[in-house]
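K.L.:
Keeping the supplied structure of chain A fixed, place chains B and C with the ligands upon it in accordance with the hints.
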Amino acid sequence: MAHEIILSLKEITKTFPGVVANDHINLEIHKREIHSLLGENGAGKTTLMNILYGLYSPNSGEIVFNGKNVKINSPRDAISLGIGMIHQRFMLVPRFSVFENIILGQASEKPPLLEKKKLYKKIAKVAKKFNIKLDLDIPVENLSVGIQQKVEILKTLYQGADFLILDEPTSVLTPQEGQNLFKDLLALKEQGCTIIFISHKLKEVMQISDRITVLRDGRVIGTKEKFETNPQELSRLMVGREVSFTIKKKDCNPGKEVLSIQDVFMQNRKGLKILKNICLNIRAGEILGIAGVDGNGQKELADAICGLQKINSGNVKILDEEITESNPRKLYEQGLSYIPGDRKKYGLIPNFNIAENIVIKDYYLPPFTRGLFLNSAYIDNYSKKVIATYDIKTPSHLVQIKKLSGGNQQKVVLGRELSKYPKLLIIMQPTQGLDVGACEFVYNKLLEARDKGVAILLFSTDLDETMNLSDRIAVIYEGEIMGEVDPRSTDVGEIGLMMAGSKRKKANAIERG
Amino acid sequence: MKKSKVFLRVFVLAFAILMIFSTLAMTAPLKIAIILPHAITSEGWTKSGFDGLMKAKEDFDIETSYQENVSEGELKGALRGYIAEGYDLIIVHEMGYNDPTLEVAEESPDTMFAITYGFKAADNVAVTSGTNWQANSLAGAVAGLMTKSNKVGFIISNDSPVAHNFLNAGFIYGAKRINPKAEVITTFVGSWSDVVKGKELAKAMIKQGVDVIYSQCGVVNRAVIEVCEEAGIWAIGAVEDMSYVAPQTVIANALAPTEYLVYGVIKEMVEGTLKGGRVVKGIKDGAEEITFNPLLKDKLPENGEEKIMKLRQEIVDGDITLEQMQEELNKQNIKF
Amino acid sequence: MFDIRSSIINQKKYKVFYAIIPFLALFIALFIGGVLIFFAGINPWKAYNYMLQSIFGNIRLFSEVFTHFVPLVFCALSFAVAYKGGFFNVGGEGQLYFGALTATLAGVYIQGLPAFIHIPLVLLTGFIGGAFWCWIAGILKIKLGADEILNTIMLSYLAILLINFVVMYFLKPANSYISQSEKIAKSAYFPKLIPHTQINLGVILSLLTVIIIYYFLYRSPYGYQIRAIGENSDAANYAGMNILKGTMTVIIISGGLAGLAGASMLMGTQYRLTPAFSPGYGFEGIGAAVMARNNPWGIILTAFLFALLRVGAGAMQRGVGVPLPISWTIEGIIMILITGSEYLSNKFSTNLIGGRA
Ligand SMILES: Nc1ncnc2c1ncn2[C@@H]1O[C@H](COP(=O)(O)OP(=O)(O)OP(=O)(O)O)[C@@H](O)[C@H]1O
Ligand SMILES: [Mg+2]
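Protein chains in written order, with numbering that gives the first Met the number 0: chain A, 0 to 512; chain B, 0 to 335; chain C, 0 to 356.
No lab work stands behind these hints, which were simulated from the structure alone. Values in this document were obtained by computation on a predicted structure and should not be read as measured data. Errors might be hidden in some of the hints.
[Said to hold, decoys possible] In silico lysine-lysine, DSSO-like type, Cα no more than 27 Å apart, as pairs:
{"#": "1", "chain 1": "C", "residue 1": "K140", "chain 2": "A", "residue 2": "K344"}
{"#": "2", "chain 1": "A", "residue 1": "K200", "chain 2": "A", "residue 2": "K401"}
{"#": "3", "chain 1": "B", "residue 1": "K119", "chain 2": "C", "residue 2": "K182"}
{"#": "4", "chain 1": "B", "residue 1": "K280", "chain 2": "B", "residue 2": "K309"}
{"#": "5", "chain 1": "C", "residue 1": "K244", "chain 2": "A", "residue 2": "K329"}
{"#": "6", "chain 1": "B", "residue 1": "K334", "chain 2": "B", "residue 2": "K150"}
{"#": "7", "chain 1": "C", "residue 1": "K244", "chain 2": "A", "residue 2": "K309"}
{"#": "8", "chain 1": "C", "residue 1": "K185", "chain 2": "B", "residue 2": "K119"}
{"#": "9", "chain 1": "A", "residue 1": "K70", "chain 2": "A", "residue 2": "K188"}
{"#": "10", "chain 1": "A", "residue 1": "K225", "chain 2": "A", "residue 2": "K182"}
{"#": "11", "chain 1": "A", "residue 1": "K298", "chain 2": "C", "residue 2": "K244"}
Isolated chain A (complex conformation) (with noise of 0.2 Å):
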């Protein structure tokens, strides 16, 4: 086929203190195709992806792009050959509107805010080109995540990129986001971009790439074509072995109430309802799903149960106990294990290791402390059992999780939550960033759970996962549950419409106000 080759990669290779990040990878990358990396977790892409923007410097190799041989040694050199990346943690001012945001660090003979009408002009001229919309004047602040990520393809656009390469652009997206986002990339490859898209989740990658590359441990495993490749085969390529795709789960068996939830209501500080009149039980040995689109009161909810924000009335007992007036260390220690969604943020230290993140809430307790000081035996043996179960790769235990792999930074807090079978475990987003094999074990991981008798609440985006995992759904939207649902009973198209607000099932319809 007569492919324009837009970029090629030669013999790349990068090594960090310990890891061989890429060996000698080559990849020819067409003019106007969507290009997807696939890879286990810690298999080199993001660091693939950071030597083309510049921001890692390969130890050997060479790139050549429009059939040059170049040096991309910054960022800014990237941008100038026309190569833009948009990062998985957005790099937007929230205060600022989407305006500013464009303008914001670019070059311009006058100060930008005396120019802008015509700034403003020639934004809207790349909007239209690209039939991006997007209303310029709103702050960063008040747009959904999809948005924002709209904004940052955006931007790349304005500065002239026409090469765009995206990590794990959908593991922050709910799946409608997902499909949107979607639609843009299929109308910027029709005005002529090219496109490298990275994503662990082989629906999407089927659905929207034309060839796609896997690597496996820092080596280019095969370049597919989609049409000649199906998603068996591609996890087969990426993890060396079959991965099966159906979760099998012995029946549920639940035993006595672990957490009731009563009649919660919360306000936020401008008075706006975020939880209304919720309801919810969970048995030991079972698991409950809650659906929702993202933002729906998912996260406030799980930190009221957790003691981290306060609810103004309605109450929450853990095991018959009024948790109202506890804190998050009381409740952890009486058996409740939480696992926030933005794990970044609420549950890892970029610049501790691994070890002393693996034992952030035990640190204090016996064997991890032994008299007036950390037992530090006692915690790299620890830790390294948890790497070891969770395949964490890494060279020590003693490297700072900022250095992992996305992925393996997931594991290290779920390793961390799951390596012992609290009482309650409430977890979001399980496998967010998770390679298909990590999905696979940490499914298993959570069934094994629930059968030993742990009470799990699982928040996912993810619909399909929700439904594959929980015993019961219960639907929320708009801080409110739209009623209860058995996932064996009912339809993907059904809960839909409940995430929607429209649908609402019989015994939890109660006027809204």
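P.N.:
Same frame as chain A, but now just chains B and C with the ligands:
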């Protein structure tokens, strides 16, 4: 070879060596050092101490050294440094360092020390001081003489016992003596170099109706004079002749040239007359003086100069002392 | 995938690289300083030579380095501990003053105690004084949300003015014309380790404190908690740590250490409180801590370097008349170079060594 010739040679050589040594010994200059509390660039007090040393260096055959910006914590180290380097006289140009200097002086009885404006002396510690009040009370007198609003201002660097009992007491006495209706407003800058604050204080005074200001505060003096010039009121120069800063504004200068004290100590040292003990020098000794700006002499009220000179004479003759001034103020229930 | 050999080599290389940076900075700064000295009309060789000789040529002069070293160590530790706990305490100077004030009270007005009781007592009061002054800043931050950088620095000025006032109107002996307190009791003097030098108990105490702080920060659960709060208070909160209590602990320790600086100056060298008690150790301590990357062991080195520079600057001036501003410039250049090289090496490490955005 003749023995006598060898003898002669040895003799000549020995003589020559002796000569060299003896001249060396004779000319080995005295080593004299000064320790300054602030940086020389901060002018005023510190600079004038340094100038005294430099003037002495020109006039006498001495080897000199200085260390500036020596804090209380560093003082003993600096003193010991000079002692170890064999200095003959070490001048400490800060009265607040009196006690620590005495402590080090005790360790090293063969070295001579001098403290300017100090209070306590010892066998090897000579303290020379200005009176702290003579020139100041004359400045007060001039202020009292010149004011029309009957409000005069006095700006002092740091709040200290000396500031109250000497500077301020003298100034207020002088002002009241010439003009019983005069009211004195005294403020403290809290530093020798905070020009901005000094200016603010001066402006505030002017707002209150003050029409003569006397600033006794290092570098700040110049800035205060400039403020007075702008506001069109009288200023009195301190320590040195400051008329040149604003020739139409500085009516008089209360001189207390500290370099004179430093110079005087060195002179006595060179002449071999310096002894431990405390000496206070005032107008009589030429260590303080009041002078009028010759350009503005016609602006003085009638008999003005005579009134000031009369007070000056009383001070010189010892007809009035600081204690009497303080007593007088106490009697009138005036705080100083 | 994991090549252990390359890991060891790499890590060693970078360790060495990090260790070299400060010395390189020192060298460059001395060189630039030399050029300046030359333009001031003085032979730089002679100046530096003189400096080295007068510092190292005589144990009594050398011991002067410790007059500065001891308070600098305490002040630097004070900043470092607070920094690790996420509290930006730039008011060490004021806490030093306040600690010196309380220590003076205990040293002057409590008489007749044996030294082994009086010394710890005065140290303790110094600690409490400093801690109290820092606590005010902490309360202002926690209750009113006032920024601690402003708080601590303003409180610093306030402390200095306050001490000025207290010394003059309350502590000054009635018959003295000089604004200074009475001397503390002899029983509260630090005993000298080497007679006729400045090497006294304070040196041992400061080094001991370094060790204690190190073990506290890196080996104890409390230190772990403090560092976690400092690094990411959200995660610490979610992990169940009590942020308020942790921050308060940090504030008390940090202020207390600065207070100890004041007490140690009082008991080791000055013996009495004066208005210009400290020549800015509180501020210089920040520099020493930053230069040491807030590492307690590193602080020993940087505090010593700063103390050397202080003594050396004096010596160069006494010996060959190097103007003080040049010595200040040298010190300034060292600090700029080291903070600059920190930035550079960070950039270098994200680029070559790796570090995530
Ligand atoms: N800055 C760094 N310092 C040290 N090691 C690093 C650094 N960045 C990445 N690594 C290591 O390089 C390897 C590849 O990491 P990379 O982030 O490229 O993986 P990835 O394929 O993006 O994984 P994931 O799917 O989990 O995001 C990992 O083992 C990681 O620990
Ligand atoms: Mg990645």
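K.L.:
Hint by hint, note whether the structure agrees.
P.N.:
Hint check:
In summary, the hint linking K140(C) to K344(A) is supported, as the alpha carbons are separated by about 23 Å, within the 27 Å threshold. A hinted pair counts as satisfied when its Cα atoms are at most 27 Å apart, and K200(A) with K401(A) qualifies at roughly 23 Å. Straight-line distance between C-alpha atoms of K119(B) and K182(C) comes to about 16 Å, which keeps the hinted pair within the 27 Å bound. Simply put, K280(B) and K309(B) have alpha-carbon atoms about 20 Å apart, close enough for the 27 Å limit, and the pair holds.
Among the hinted pairs, K244(C) with K329(A) is consistent with the structure: their alpha-carbon atoms are about 15 Å apart, no more than 27 Å. As the CA atoms of K334(B) and K150(B) are separated by approximately 16 Å, the hinted pair is consistent with the 27 Å bound. As the CA atoms of K244(C) and K309(A) are separated by approximately 19 Å, the hinted pair is consistent with the 27 Å bound. Our distance criterion of 27 Å between C-alpha atoms is met by K185(C) and K119(B), whose separation comes to about 21 Å.
Straight-line distance between C-alpha atoms of K70(A) and K188(A) comes to about 26 Å, which keeps the hinted pair within the 27 Å bound. The straight-line distance between the Cα atoms of K225(A) and K182(A) is roughly 18 Å, inside the 27 Å bound, and the hint therefore holds. The suggested pairing of K298(A) with K244(C) holds, with an alpha-carbon distance near 25 Å, which does not exceed 27 Å.
Hint violations for this structure: none, all hints satisfied.
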